[in-house]
Amino acid sequence: GEEVAQTPKHLVRGEGQKAKLYCAPIKGHSYVFWYQQVLKNEFKFLISFQNENVFDETGMPKERFSAKCLPNSPCSLEIQATKLEDSAVYFCASSLLLAPRMVYGYTFGSGTRLTVV
Amino acid sequence: DQQVKQNSPSLSVQEGRISILNCDYTNSMFDYFLWYKKYPAEGPTFLISISSIKDKNEDGRFTVFLNKSAKHLSLHIVPSQPGDSAVYFCAASGSGGGSNYKLTFGKGTLLTVNP
Chain A
229 GEEVAQTPKH LVRGEGQKAK LYCAPIKGHS YVFWYQQVLK NEFKFLISFQ NENVFDETGM
289 PKERFSAKCL PNSPCSLEIQ ATKLEDSAVY FCASSLLLAP RMVYGYTFGS GTRLTVV
Chain B
11 DQQVKQNSPS LSVQEGRISI LNCDYTNSMF DYFLWYKKYP AEGPTFLISI SSIKDKNEDG
71 RFTVFLNKSA KHLSLHIVPS QPGDSAVYFC AASGSGGGSN YKLTFGKGTL LTVNP
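In the order they appear, the protein sequences are chains A and B. For what it's worth, our numbering labels the leading residue of the first sequence as 229, then goes sequentially. For what it's worth, our numbering labels the leading residue of the second sequence as 11, then goes sequentially.
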């Protein structure tokens with residue numbers, strides 16, 4: 229399809245519980261990116277994939293966050309032992325190219341709102 | 011350190027007038043700039059972009075201007091319409107290796123166009 233599909237739209241977790249978010253990129257896009265938006269502020273880069281390989285994980289909190297993009301499956305972002313500060317909207321984007329150029333900008337999904345209580 | 015800055019959190023204009031949204035950047039490795047528009051509960055959608063080899067790009071009512079020496083870009087919307095009311099994010103991407111490739115966003119400007 230021509231849209232990036234993120235599920236679920238909303239997720240509520242108690243502190244310490246696990247959260248798992250899913251992203252189906254646009255078919256044919258080789259790159260997937262995850263961003264975190266806290267309190268409607270700027271988007272914080274988390275991780276990028278080239279197909280199923282991690283390309284850049286410099287934004288990932290080391291201990292509790294993990295992500296995968298496996299063949300023939302939606303990509304996933306998992307947070308173990310969630311904390312209050314993880315409450316945010318998590319956006320996934322996919323792209324034909326690594327860096328946006330010309331009309332090939334990133335296409336974003338509508339996000340998953342994670343609330344940790 | 012914020013590499014892309016949008017210093018105006020909000021802007022209100024009358025329908026039919028010009029909206030000017032501003033953005034400054036600090037990373038000289040950035041060579042491609044984009045504007046995204048975002049409605050509540052939706053993801054950002056691509057609006058218009060400009061390469062650092064240009065100083066202007068126009069698409070219908072939307073024009074982006076780039077001043078490389080000042081590390082400044084602006085988005086002009088003429089004429090503004092109520093449907094343009096949204097949060098506008100400035101974003102930048104670079105070459106030259108490292109993590110410069112990825113989109114780096116500003117904090118956004120909420121544009122309200124009043125009928």
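Heads up, a few of these hints could be off.
Within a straight-line C-alpha distance of at most 27 Å, the following computed DSS-like cross-link-like pairs (lysine-lysine) qualify [claimed, not checked]:
1) Lys78(B) with Lys272(A)
2) Lys15(B) with Lys47(B)
3) Lys268(A) with Lys47(B)
4) Lys237(A) with Lys47(B)
5) Lys81(B) with Lys296(A)
Everything labelled a hint here was simulated from the structure, so no lab data went into it.
Verification of the supplied hints:
no.: 1; hint: Lys78(B) with Lys272(A); result: 25 Å, holds
no.: 2; hint: Lys15(B) with Lys47(B); result: 16 Å, holds
no.: 3; hint: Lys268(A) with Lys47(B); result: 13 Å, holds
no.: 4; hint: Lys237(A) with Lys47(B); result: 20 Å, holds
no.: 5; hint: Lys81(B) with Lys296(A); result: 36 Å, violated
Hint 5 alone, counting from the list given before, is not met by this structure.
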